[in-house]
Amino acid sequence: MKSLEGRAWALVSLAAFASAFVAAFVDDAPVSSDPAFQVARPSTSTSLVALEGETRIVSSGSPVSVHSATAVEIAGGRIRAFWYGGSREGAKDVAIYTAVFDPLSYAWGPQEVATTREETARDLGRYVKKLGNPVVARDSRRRLWLFYVSVSLGGWSGSAVNFRISEDEGATFGPARRIVTSPLLNLGTLVRGPVLPFEDGTLGIPVYHELLGKFGELLRLSPEGDVLDKIRLSHGRSSLQPAVVPLGRLEAVAFLRSSGFRPKRVLSVRTENGGRTWSDLAPTELRNPDAAVAALRTSGGEILIAFNDSEVDRGNLKLAVSRDGGRSFTVLLTVNPPRPPWPPGEVASPELAYPWLLESSDGALHLLYSWNRSRIVHVRYRSPASTGLP
Amino acid sequence: MKRLLLPAAFLALLFVPIEGIPVAGYVRGIAGDLSITTLLLLASSAVALAGGPKLHDRRELQALAAFVLASAAFLYPMALGLTSFDPYALGYPHRMRGFLLGLAPVALFAWFRGRLLLLLAVVLALAAFRFELLESRNLWDYLLDPWLAVCMLFWAGFTIFGLLSKSR
Numbered sequence: 535m536k537s538l539e540g541r542a543w544a545l546v547s548l549a550a551f552a553s554a555f556v557a558a559f560v561d562d563a564p565v566s567s568d569p570a571f572q573v574a575r576p577s578t579s580t581s582l583v584a585l586e587g588e589t590r591i592v593s594s595g596s597p598v599s600v601h602s603a604t605a606v607e608i609a610g611g612r613i614r615a616f617w618y619g620g621s622r623e624g625a626k627d628v629a630i631y632t633a634v635f636d637p638l639s640y641a642w643g644p645q646e647v648a649t650t651r652e653e654t655a656r657d658l659g660r661y662v663k664k665l666g667n668p669v670v671a672r673d674s675r676r677r678l679w680l681f682y683v684s685v686s687l688g689g690w691s692g693s694a695v696n697f698r699i700s701e702d703e704g705a706t707f708g709p710a711r712r713i714v715t716s717p718l719l720n721l722g723t724l725v726r727g728p729v730l731p732f733e734d735g736t737l738g739i740p741v742y743h744e745l746l747g748k749f750g751e752l753l754r755l756s757p758e759g760d761v762l763d764k765i766r767l768s769h770g771r772s773s774l775q776p777a778v779v780p781l782g783r784l785e786a787v788a789f790l791r792s793s794g795f796r797p798k799r800v801l802s803v804r805t806e807n808g809g810r811t812w813s814d815l816a817p818t819e820l821r822n823p824d825a826a827v828a829a830l831r832t833s834g835g836e837i838l839i840a841f842n843d844s845e846v847d848r849g850n851l852k853l854a855v856s857r858d859g860g861r862s863f864t865v866l867l868t869v870n871p872p873r874p875p876w877p878p879g880e881v882a883s884p885e886l887a888y889p890w891l892l893e894s895s896d897g898a899l900h901l902l903y904s905w906n907r908s909r910i911v912h913v914r915y916r917s918p919a920s921t922g923l924p
Numbered sequence: 034m035k036r037l038l039l040p041a042a043f044l045a046l047l048f049v050p051i052e053g054i055p056v057a058g059y060v061r062g063i064a065g066d067l068s069i070t071t072l073l074l075l076a077s078s079a080v081a082l083a084g085g086p087k088l089h090d091r092r093e094l095q096a097l098a099a100f101v102l103a104s105a106a107f108l109y110p111m112a113l114g115l116t117s118f119d120p121y122a123l124g125y126p127h128r129m130r131g132f133l134l135g136l137a138p139v140a141l142f143a144w145f146r147g148r149l150l151l152l153l154a155v156v157l158a159l160a161a162f163r164f165e166l167l168e169s170r171n172l173w174d175y176l177l178d179p180w181l182a183v184c185m186l187f188w189a190g191f192t193i194f195g196l197l198s199k200s201r
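Chain order of the listed sequences is A and B.
Per the working numbering, the first sequence runs over residues 535 to 924.
Per the working numbering, the second sequence runs over residues 34 to 201.
Don't take each hint at face value.
[To be verified] As a list, the in silico EDC-like pairs of lysine to aspartate or glutamate whose alpha-carbon atoms are at most 16 Å apart:
id: 1; chain 1: A; residue 1: K663; chain 2: B; residue 2: E52
id: 2; chain 1: A; residue 1: K663; chain 2: A; residue 2: E653
id: 3; chain 1: A; residue 1: K798; chain 2: A; residue 2: E758
id: 4; chain 1: A; residue 1: K852; chain 2: A; residue 2: E819
id: 5; chain 1: A; residue 1: K798; chain 2: A; residue 2: D843
id: 6; chain 1: A; residue 1: K626; chain 2: B; residue 2: E52
Hint data in this document are derived by calculation from the structure and do not stem from the laboratory.
In isolation and in its complexed conformation, chain A is listed as follows (with noise of 0.2 Å):
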């Protein structure tokens, strides 16, 4: 027979267990777990026709090696972009840097810090070996959340996503915090293409697995920043840097950057119940070198991507449309590199690559690339066909 002591026992374990489950079951979240994509009403629609480019150097020259820049429209019209900086890819001394876009002076302000390795490791309180990608959004707060790769381990195959926050539109951050989203060691997790909001406020931000296998996925973040759900976009070895376009409430599409797939394309997945599931990986008509694409969903409903239309390099760089949800597109234009204010030793290899798209609200497209890795482009273009524009 069981001693007291014994069943004593037992029923202080079965209901610290007990309380533990329903604890766990417990759902605070104030979010929705059906999800549906926030897909912005058009305001001023944007005319694709005959587009006029404007081409601006965004980055200062110095340091030497910039790649990966990301933007947004903040207030007043004006747009923050964000890139990394060093003496090359992968240094210790790679920062984050940041700078302002006057659309009434059209000109962009000095180049500035936004964040370093050191500061982010002190945030973190652990060991960071250097700094990768970022990828900035504006929440219906106005808060930017300025997300980016840091590596502590190896690689970029050991790579975290960090995220800050800014509550004065870019000028300063608050601490840096590291989203767990894989269980080994956090290894892997990269981020690069455009976040997407939901309608319950919550964030998707659309990451990369780089550890063995080359996959995409989505988070779900709540707006405090904590990961409520974690979707995969495709799985295995060959497809890389999701950018999702919300096509309706429930639809969208993600193209994926081709890194091993053959056909050399650009990839694509598809959802129709707001994220939940994906199609399995299908190539497009687009080529693909294995580089990052851009895909924008216009005001005018269309699909805006920008792409390297090749098989090996990143030599050329171009926009193309289309009006089905990205089922065939049509090329618009071939984006002209700008014309170099450098030495001519530097335009050896001339690569136009990590673009990023951005529509602003008077009607004008953005489009931001690095040029052989030692500059930051920023080409305006607007059409005379569209409303509001001088």
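Take the given structure of chain A and dock chain B to it, following the hints.
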């Protein structure tokens, strides 16, 4: 008490800052964070070392190792992209329910068979998850980590090897 000196000195060393980050921060940066289960095992070892009761005898460890190794085999390959199904996502708040239904039989088994260590691991992991004690918001990270899985694999290997050589 003498044998506690070395662990205590080691612990103190972890808080020494180098370039603004404590030594523990470098260990964290490279080794990642430890799960509640690993912390529980470390704590129970420390208690035993200090002359207290030993929580982890072979029977207890067998149950825990079986749970950890089965979880690791289920979790890690698919989390690395083997399939479109992602078991790691089950540990996030929005998918919690299925996970808890799977975990309940484990805890019930541990309770019925009196495997205190396994039961404590599950209950403490759930409580820590509820109070968001770790950086992660994923229940898996409270239950296990790769280091624990590797240790349990070695422990299971040595135990089986020991049993086999004894039976010869």
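If any of the earlier hints don't hold here, list their numbers in rising order. 3
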